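J.: Take the sequences, apply the hints, and build the full model.
Each chain is listed here by its residues.
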Amino acid sequence: MTQTTGDIGALLRRVQVMEDKWQILELIAAYGPAVDSGAADATAALWSEDGEYDVDSGMLRGRAELRAMVGGAPHQGFITNGSAHLIGLPHIEVDGDRAVAIGHSQLVLKVPGTTADFRVARITANRWELVKADGRWQVERRVARLLDGRPEARELLGGVGTGSERS
Amino acid sequence: MTQTTGDIGALLRRVQVMEDKWQILELIAAYGPAVDSGAADATAALWSEDGEYDVDSGMLRGRAELRAMVGGAPHQGFITNGSAHLIGLPHIEVDGDRAVAIGHSQLVLKVPGTTADFRVARITANRWELVKADGRWQVERRVARLLDGRPEARELLGGVGTGSERS
Amino acid sequence: MTQTTGDIGALLRRVQVMEDKWQILELIAAYGPAVDSGAADATAALWSEDGEYDVDSGMLRGRAELRAMVGGAPHQGFITNGSAHLIGLPHIEVDGDRAVAIGHSQLVLKVPGTTADFRVARITANRWELVKADGRWQVERRVARLLDGRPEARELLGGVGTGSERS
Numbered sequence: 103m104t105q106t107t108g109d110i111g112a113l114l115r116r117v118q119v120m121e122d123k124w125q126i127l128e129l130i131a132a133y134g135p136a137v138d139s140g141a142a143d144a145t146a147a148l149w150s151e152d153g154e155y156d157v158d159s160g161m162l163r164g165r166a167e168l169r170a171m172v173g174g175a176p177h178q179g180f181i182t183n184g185s186a187h188l189i190g191l192p193h194i195e196v197d198g199d200r201a202v203a204i205g206h207s208q209l210v211l212k213v214p215g216t217t218a219d220f221r222v223a224r225i226t227a228n229r230w231e232l233v234k235a236d237g238r239w240q241v242e243r244r245v246a247r248l249l250d251g252r253p254e255a256r257e258l259l260g261g262v263g264t265g266s267e268r269s
Numbered sequence: 103m104t105q106t107t108g109d110i111g112a113l114l115r116r117v118q119v120m121e122d123k124w125q126i127l128e129l130i131a132a133y134g135p136a137v138d139s140g141a142a143d144a145t146a147a148l149w150s151e152d153g154e155y156d157v158d159s160g161m162l163r164g165r166a167e168l169r170a171m172v173g174g175a176p177h178q179g180f181i182t183n184g185s186a187h188l189i190g191l192p193h194i195e196v197d198g199d200r201a202v203a204i205g206h207s208q209l210v211l212k213v214p215g216t217t218a219d220f221r222v223a224r225i226t227a228n229r230w231e232l233v234k235a236d237g238r239w240q241v242e243r244r245v246a247r248l249l250d251g252r253p254e255a256r257e258l259l260g261g262v263g264t265g266s267e268r269s
Numbered sequence: 103m104t105q106t107t108g109d110i111g112a113l114l115r116r117v118q119v120m121e122d123k124w125q126i127l128e129l130i131a132a133y134g135p136a137v138d139s140g141a142a143d144a145t146a147a148l149w150s151e152d153g154e155y156d157v158d159s160g161m162l163r164g165r166a167e168l169r170a171m172v173g174g175a176p177h178q179g180f181i182t183n184g185s186a187h188l189i190g191l192p193h194i195e196v197d198g199d200r201a202v203a204i205g206h207s208q209l210v211l212k213v214p215g216t217t218a219d220f221r222v223a224r225i226t227a228n229r230w231e232l233v234k235a236d237g238r239w240q241v242e243r244r245v246a247r248l249l250d251g252r253p254e255a256r257e258l259l260g261g262v263g264t265g266s267e268r269s
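Chains as they are written, first to last, in the numbering used here: chain A, 103 to 269; chain B, 103 to 269; chain C, 103 to 269.
Mixed in with the good hints there might be a few duds.
Identical chains blur together in the list; that is why a pair holds if it fits in one copy or across any two.
Simulated pairs of lysine to any residue, SDA-like, Cα-Cα distance not exceeding 25 Å [stated by the list, open to error]: (1) K234 with T217; (2) K234 with Q178; (3) K234 with H177; (4) K234 with V117; (5) K234 with V213; (6) K234 with Q118; (7) K234 with S159; (8) K234 with D122; (9) K234 with G261; (10) K234 with W124; (11) K234 with Q125; (12) K234 with G179; (13) K234 with V245; (14) K234 with G164; (15) K234 with R116; (16) K234 with A144; (17) K234 with A142; (18) K234 with G173; (19) K234 with G174.
Rather than coming from a laboratory, the hints here were simulated on the basis of the structure. On a predicted model such as this, the values are computed, not experimentally measured, just so you know.
T.: The following block contains the structure:
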């Protein structure tokens, strides 16, 4: 192997890691628009077929339960009244075909019966466990806990920098 | 063409796409600081010369109207009283010299007459249509709609993943 | 030097700049989770040994003072009651081993004594001055000012696009 070929091999791996990060960033960035537009299929497709969304308000297992959540009365009530699922800047650590992203999210809702009064309904700690399969990143498990003082929400956020990659 | 030259050509295109994404991310990230600092020229320069900002509160056409918005009494009232135009993580799809970014934004204002009481004044759905000209990305059209339950705001957010690039 | 070697050298520099941006993005993305989980050491490690955090509520000089802030009664009161330090999308400009990131942040707190009533306690203008040492980016100085109408907060946000790199 020549020096040049070796250089290119190393460069290809560095480029691949950054492409992975972009795909993960966009996967996470797609969540808010998907749920707030009521796109049940697009939301479910962010997860793997049997992926989990473990949120304090209920455990969702697999794409069918994710679709049912988006189509269900509580969520439809939010979006037809006015809602924004804002996703904070995630901290992403990639380790081959697995990755962990940690960050905040925020749910802002219109106060029912008002024209344009909004309130912060939730601040949430998130841990996204992601896998790459067939060249595409998906959510294997998302754990989300309300930041209302409960220790487990703080513990979720404490996982930054404990993976194999250091940023 | 040798194998190595071919490899480099493919690699160059992958690197170029990521540079485009960074430039788009930074273009969008520049909006909030530009408007909240009252920088009329810097805000207008994010758009192309005849770019549009189609927001529910009014249609702005071209840089002169963008500059006028930033310099106008309502916006100056916001920023001298205390305001944050927070831009959510955008979902970006690049297709050559064109791109679409979709995401939320949030306007937080100080309640006039208070020292430090803040309220969420808006949650907004955004669709940014971007073009690259002379090596620089600019906003050709930004459509923004209040997330107060109106269907067209949800429809704007529903555009994720419908472009030519899939993430 | 052959054409190919020259190409690779230029490509390596472009890849390096993007790796730098990712590391800076992740450094900034790590701040919110670190403080909201109460991780005093992880928070302090984002700064250089004698780095500064110049915030309107007090000047912190060096890692020991940063650790003390996270461990102190006011901050512990926030996080055991429920808090989210949300970091907005930063605008990053890299110039070799130095960088400047400008953006908003937002502090949302649970209203004490309530189950899940949240309020926006702060909207803040941020300027992060970063340095790369031993291959790792760190915060040399972060200046943060409340967006309550004070001119100096707007001036902090006005620094976008004034560095050597244009996006």
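J.: Run every hint past the structure and note whether it holds.
T.: Hints versus structure:
1. Taking the closest pair of Cα atoms, K234 and T217 never come within 25 Å of each other, the shortest separation being 43 Å inside a single copy and 38 Å across copies.
2. Taking identical chains as interchangeable, the C-alpha atoms of K234 and Q178 are never at most 25 Å apart, the minima being 31 Å within one chain and 38 Å between chains.
3. In this assembly of identical chains, the alpha carbons of K234 and H177 never lie at most 25 Å apart, being 29 Å within a copy and 38 Å across copies at closest.
4. Taking the closest pair of Cα atoms, K234 and V117 come within 25 Å of each other both inside a single copy (16 Å) and across two copies (21 Å).
5. Proximity of K234 and V213 under a CA criterion of 25 Å is satisfied in neither setting, with 39 Å inside one chain copy and 40 Å between copies.
6. Taking the closest pair of Cα atoms, K234 and Q118 come within 25 Å of each other both inside a single copy (12 Å) and across two copies (23 Å).
7. In the homo-oligomer, the alpha carbons of K234 and S159 never lie at most 25 Å apart, since the shortest distance is 27 Å inside one protomer and 42 Å across protomers.
8. Taking identical chains as interchangeable, the C-alpha atoms of K234 and D122 lie at most 25 Å apart whether they share a chain (9 Å) or sit on different chains (23 Å).
9. For a Cα distance limit of 25 Å, the shortest separation of K234 from G261 qualifies both inside one copy, at 21 Å, and across copies, at 24 Å.
10. Proximity of K234 to W124 under the C-alpha cut-off of 25 Å is found in both arrangements, the shortest distances being 13 Å within a copy and 20 Å between copies.
11. Taking the closest pair of Cα atoms, K234 and Q125 come within 25 Å of each other both inside a single copy (10 Å) and across two copies (21 Å).
12. For the homomeric pair K234 and G179, neither the shortest alpha-carbon distance inside one copy (34 Å) nor that between copies (40 Å) is at most 25 Å.
13. For a Cα distance limit of 25 Å, the shortest separation of K234 from V245 inside one copy, 18 Å, qualifies, whereas the shortest one across copies, 33 Å, does not.
14. When the C-alpha separation of K234 and G164 is checked against a cutoff of 25 Å, the pair qualifies only within one copy, where the shortest distance is 17 Å, while the shortest distance between copies is 40 Å.
15. In this homomeric assembly, K234 and R116 come within 25 Å of each other (Cα to Cα) both inside a single copy, at 17 Å, and across copies, at 19 Å.
16. In the homo-oligomer, the alpha carbons of K234 and A144 lie at most 25 Å apart inside one protomer (18 Å), although the nearest pairing across protomers, at 28 Å, exceeds that limit.
17. For a Cα distance limit of 25 Å, the shortest separation of K234 from A142 inside one copy, 22 Å, qualifies, whereas the shortest one across copies, 33 Å, does not.
18. Taking the closest pair of Cα atoms, K234 and G173 never come within 25 Å of each other, the shortest separation being 27 Å inside a single copy and 38 Å across copies.
19. Proximity of K234 to G174 under the C-alpha cut-off of 25 Å is found in neither arrangement, the shortest distances being 29 Å within a copy and 41 Å between copies.
Violated hints, in rising order: 1, 2, 3, 5, 7, 12, 18, 19; the structure is consistent with all others.
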